[in-house]
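There are 6 protein chains.
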Amino acid sequence: TPESAERTAVPGVATGLAVTGAGGDVLFVEASLADPESGASGLTLTGQLGDVMKESARIALSYLRSRGAELELPVGDLKERGVHIHVPAGAVPKDGPSAGVTMTTALASLLSGRTARSDVAMTGEVSLTGRVLPIGGVKQKLLAAHRAGITTVLIPARNEPDLDDVPAEVLDQLTVHPVSDVREVLALALEPAESRQPAGV
Amino acid sequence: TPESAERTAVPGVATGLAVTGAGGDVLFVEASLADPESGASGLTLTGQLGDVMKESARIALSYLRSRGAELELPVGDLKERGVHIHVPAGAVPKDGPSAGVTMTTALASLLSGRTARSDVAMTGEVSLTGRVLPIGGVKQKLLAAHRAGITTVLIPARNEPDLDDVPAEVLDQLTVHPVSDVREVLALALEPAESRQPAGV
Amino acid sequence: TPESAERTAVPGVATGLAVTGAGGDVLFVEASLADPESGASGLTLTGQLGDVMKESARIALSYLRSRGAELELPVGDLKERGVHIHVPAGAVPKDGPSAGVTMTTALASLLSGRTARSDVAMTGEVSLTGRVLPIGGVKQKLLAAHRAGITTVLIPARNEPDLDDVPAEVLDQLTVHPVSDVREVLALALEPAESRQPAGV
Amino acid sequence: TPESAERTAVPGVATGLAVTGAGGDVLFVEASLADPESGASGLTLTGQLGDVMKESARIALSYLRSRGAELELPVGDLKERGVHIHVPAGAVPKDGPSAGVTMTTALASLLSGRTARSDVAMTGEVSLTGRVLPIGGVKQKLLAAHRAGITTVLIPARNEPDLDDVPAEVLDQLTVHPVSDVREVLALALEPAESRQPAGV
Amino acid sequence: TPESAERTAVPGVATGLAVTGAGGDVLFVEASLADPESGASGLTLTGQLGDVMKESARIALSYLRSRGAELELPVGDLKERGVHIHVPAGAVPKDGPSAGVTMTTALASLLSGRTARSDVAMTGEVSLTGRVLPIGGVKQKLLAAHRAGITTVLIPARNEPDLDDVPAEVLDQLTVHPVSDVREVLALALEPAESRQPAGV
Amino acid sequence: TPESAERTAVPGVATGLAVTGAGGDVLFVEASLADPESGASGLTLTGQLGDVMKESARIALSYLRSRGAELELPVGDLKERGVHIHVPAGAVPKDGPSAGVTMTTALASLLSGRTARSDVAMTGEVSLTGRVLPIGGVKQKLLAAHRAGITTVLIPARNEPDLDDVPAEVLDQLTVHPVSDVREVLALALEPAESRQPAGV
Ligand SMILES: [Ca+2]
Ligand SMILES: [Ca+2]
Ligand SMILES: [Ca+2]
Ligand SMILES: [Ca+2]
Ligand SMILES: [Ca+2]
Ligand SMILES: [Ca+2]
Ligand SMILES: [Ca+2]
Ligand SMILES: [Ca+2]
Ligand SMILES: [Ca+2]
Ligand SMILES: [Ca+2]
Ligand SMILES: [Ca+2]
Ligand SMILES: [Ca+2]
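Chains as they are written, first to last, in my numbering: chain A, 68 to 268; chain B, 68 to 268; chain C, 68 to 268; chain D, 68 to 268; chain E, 68 to 268; chain F, 68 to 268.
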């Protein structure tokens with residue numbers, strides 16, 4: 068979609084799905100690393116995130132800190148560069164564990180320099196060992212993805228039965244990948260390393 | 068205007084627009100960097116800022132910490148010099164994400180040594196990647212800018228439809244720039260580097 | 068069981084037992100150590116843990132920090148690598164001292180590289196000197212272990228009398244080990260060092 | 068006055084004016100720097116100060132940290148010496164931004180070694196760039212200054228209209244300086260450097 | 068008693084006495100020092116301790132930090148080794164100053180390597196200079212000690228008059244030492260250095 | 068008195084006076100410095116002190132950190148040795164600014180090695196520049212001092228008029244020194260340096 072294409076044009080942004088008061092919605096998780104020259108360190112979380120969602124960010128970061136080398140990510144970048152994860156819109160309170168996969172993807176995109184695919188959205192809790200755990204609101208989230216022009220959606224394998232509730236005409240226009248490990252998410256959601264493009268293109 | 072000319076006579080001050088109980092108002096975001104000799108570090112926020120507005124300041128700072136070098140800003144200055152962002156008046160509680168562009172501009176002014184243009188006011192949320200997101204209160208803010216003698220206003224591109232609500236006689240006397248990236252804000256709001264003037268002139 | 072086999076396929080995960088509103092349940096305690104390259108330090112606790120359960124994690128860590136060398140664990144790994152303990156599901160509040168043995172086992176598994184046995188579940192408070200103290204809900208926990216296909220359960224020695232309340236047909240299918248020192252737990256719950264397997268097998 | 072003469076006999080003390088339940092009152096802002104041998108650092112604030120007044124102290128300190136060198140103050144003293152600002156009486160809660168000029172003066176007195184003039188009292192909010200912003204309670208504050216034997220009062224220039232409310236017989240006995248920059252305050256309130264006297268004289 | 072013999076078999080555990088809703092009870096204070104290799108530092112307090120009891124732990128530690136060398140304790144061990152004090156049971160809230168002597172004894176046992184005598188229990192507030200101050204509940208505490216098979220009890224000298232309330236048949240079977248300085252407590256409660264035994268014997 | 072003689076037998080303890088629900092009472096402020104070998108640092112405050120009383124302790128410490136060298140106190144001892152101030156009894160909440168002189172005296176006694184005179188008790192707020200400010204409860208405090216066998220009492224000079232309320236027969240048996248600077252307090256309350264005695268004598 069135009070919106071998600073613009074948002075994910077730079078490494079560090081991934082497209083998630085949320086349940087809101089008004090059904091479902093697309094959200095963008097943004098991650099940045101401070102210039103090592105600028106002296107920042109630690110983890111900054113913004114976007115009026117609730118307790119559970121802040122914990123999701125810490126889990127995503129610890130997952131990459133302990134498993135990143137296996138994934139060939141330059142985890143040394145996390146050492147002396149401040150990490151910031153933000154979820155616009157800034158004034159809207161957000162909570163819950165289901166942005167875990169999106170946070171992990173945004174951070175992995177940032178570290179790898181590979182942008183996220185703009186046609187892919189995702190939802191799922193992540194455990195500390197990288198397992199993708201089931202979440203709620205599959206129907207509303209898929210309807211929101213469809214409305215936003217997303218064509219590929221990643222959901223937890225254990226949520227596959229919930230696809231029965233999604234209208235067939237929507238499901239027909241979406242490619243849904245049930246996943247059980249966050250490594251599958253990264254493989255499906257990040258552009259190949261060789262297609263890396265200059266920011267803004 | 069005389070007020071904003073005095074306020075923005077030194078680098079580190081930018082003119083924002085806020086919605087208040089009594090309509091709209093002009094506000095000034097002030098930023099300072101401690102003398103490296105004085106041993107300060109970290110970020111200090113004052114002006115009775117609410118949670119969302121404090122997050123806006125952290126986003127502005129992280130944006131410059133990760134993108135500042137591209138913008139040819141001396142981000143190394145952020146390393147061992149304490150940053151302080153203050154929004155007078157000191158006793159008035161303030162909140163919301165719409166000072167994001169103003170905070171980013173005040174910090175960029177401070178780092179670059181370029182003063183902000185005193186005829187320009189601005190409003191807009193900033194995301195961590197520098198996108199300018201829509202805000203509320205466009206009508207009240209433009210009326211306040213006009214009352215204060217401001218002649219140029221920067222608003223989020225996605226707020227352009229709200230200009231319909233602004234009285235034509237006000238709009239006629241304002242140059243309104245819809246912007247979608249904070250780099251446009253900096254280009255429009257900061258004086259050129261070559262016109263840098265001694266403080267107080 | 069398939070679930071616990073998948074979960075405990077990597078070092079750092081142990082199977083616990085909890086009392087919930089709906090009887091008992093199996094829970095997994097996950098522990099990770101940050102790559103020393105990534106610069107993390109300290110202890111991170113997630114999973115919406117209550118005060119008492121957070122203290123259990125600190126006791127488990129201090130036990131290993133003071134007694135780990137006697138157990139031939141490489142405690143130096145704790146020095147410059149951030150420790151993270153997480154208990155999914157991320158949005159479910161959890162509390163109480165009875166995950167002490169499970170937390171100690173997850174950390175010892177991580178440090179030793181020995182995976183936890185997937186047919187073993189455990190419950191028990193741990194004191195700072197490693198004593199296993201009695202807990203509540205033995206009946207519900209053993210029923211939950213049985214339902215989940217667990218075949219071996221470790222309980223505090225001082226809870227042995229509570230086995231009278233467990234239906235005989237369940238007890239017949241479980242091997243129950245009453246334990247009084249957490250070293251007995253580690254001996255029973257961790258795979259032998261020589262059977263160490265590559266993660267994911 | 069005898070009271071303010073005793074209080075301001077040493078560098079680091081300035082005379083302010085406050086509105087209280089019982090009208091107005093004189094207050095003394097005290098600042099100290101720890102002996103570098105004693106190993107203290109950071110900023111300590113005491114006197115049961117409210118949020119806004121604590122922010123005033125941080126603004127005063129940041130102003131001197133960023134502009135102190137221009138004012139020929141030895142800001143390096145702030146590096147490894149703990150700063151403490153106290154406002155007696157210790158048990159009386161105090162709040163509001165109007166002690167900003169007094170806090171800045173007390174700190175500048177301390178750094179310069181120049182005592183504050185005991186016949187001068189002051190009130191005014193200070194912005195991060197050193198502008199003096201308007202405050203409330205001008206009438207009560209001038210009456211209190213007069214009662215206390217103060218002969219010179221510094222007020223924000225934008226509060227000049229409030230002088231209309233002050234009884235003529237009081238105003239006749241006071242020299243009132245409207246000021247708009249804190250540098251004017253320092254010039255008017257600190258004794259000249261050459262008249263520096265031993266403490267206690 | 069068997070229970071206290073098992074508990075105090077290792078250095079770092081001392082037997083205290085508490086007043087509970089159901090009369091009095093024996094409690095065990097456990098202390099540990101992290102392996103210097105493991106990189107821990109600071110003081111960790113667990114066991115759902117209230118404000119006053121946490122302060123008792125800090126007083127016990129400061130007493131040993133300032134007076135430990137006089138007592139020939141290796142206080143250098145406190146420098147780079149994390150100290151943890153825990154009071155089981157983990158889920159039971161505890162408060163009050165009367166575990167001061169027990170905390171000091173547990174820490175001194177840990178530092179000296181001398182185990183606590185398993186036939187001795189104690190109660191008393193400790194001041195920062197090591198004075199033993201009076202506490203409440205002498206009668207309930209002595210009854211609990213007697214029930215638990217303890218034969219020697221240390222109480223504050225200023226609580227001696229409370230012994231009148233203890234049944235004679237209980238008092239006959241207890242040796243009660245009134246003490247006024249915590250050094251007397253350590254002399255009476257710790258095994259002699261020469262009888263130091265391997266842990267677990 | 069026997070009590071205050073025992074308490075003040077070691078440097079670091081001074082005798083104060085407090086107003087309680089039941090009239091007035093004598094209290095002892097205890098201060099300790101950690102052995103530099105033990106690695107402690109910072110300021111620890113215990114004794115269930117309220118906000119105002121904690122601030123008094125910080126003011127006392129800052130006073131000595133900035134003025135200690137003038138008083139020939141070895142302020143370098145404050146650099147790498149943790150300071151702890153405790154006010155028994157540990158479970159009794161205490162608040163108010165009037166222990167300021169007692170806290171300053173306890174710390175100065177500790178640093179100088181001069182014990183406090185056991186026949187002297189004191190009350191008074193201290194400002195950051197060492198001025199002694201007036202307090203409440205003079206009558207109750209002097210009655211309590213008299214009951215406790217104290218013979219010399221130090222009160223703020225500005226509280227002299229309150230002596231009118233003290234019964235003549237009590238006043239006759241007390242030497243009352245009105246003081247206005249904390250240096251007078253130290254001169255009157257500390258034993259001369261040459262009479263320094265071994266602890267416990
Ligand atoms: Ca919550
Ligand atoms: Ca993309
Ligand atoms: Ca300008
Ligand atoms: Ca809020
Ligand atoms: Ca709790
Ligand atoms: Ca396994
Ligand atoms: Ca003066
Ligand atoms: Ca407030
Ligand atoms: Ca409490
Ligand atoms: Ca023993
Ligand atoms: Ca309070
Ligand atoms: Ca003495």
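You may find that some hints are simply not true.
For chains that are exact copies, the list does not tell them apart, and a pair is met inside one copy or across any two.
[Unchecked claim] Here are the simulated lysine-lysine pairs, DSSO-like style, with alpha carbons at most 27 Å apart:
hint, residue 1, residue 2
1, K121, K161
2, K146, K206
3, K206, K121
4, K146, K121
Keep in mind that the hints were calculated from the coordinates and are not lab data.
Could you tell me which of the hints above the structure violates, numbers in ascending order?
2
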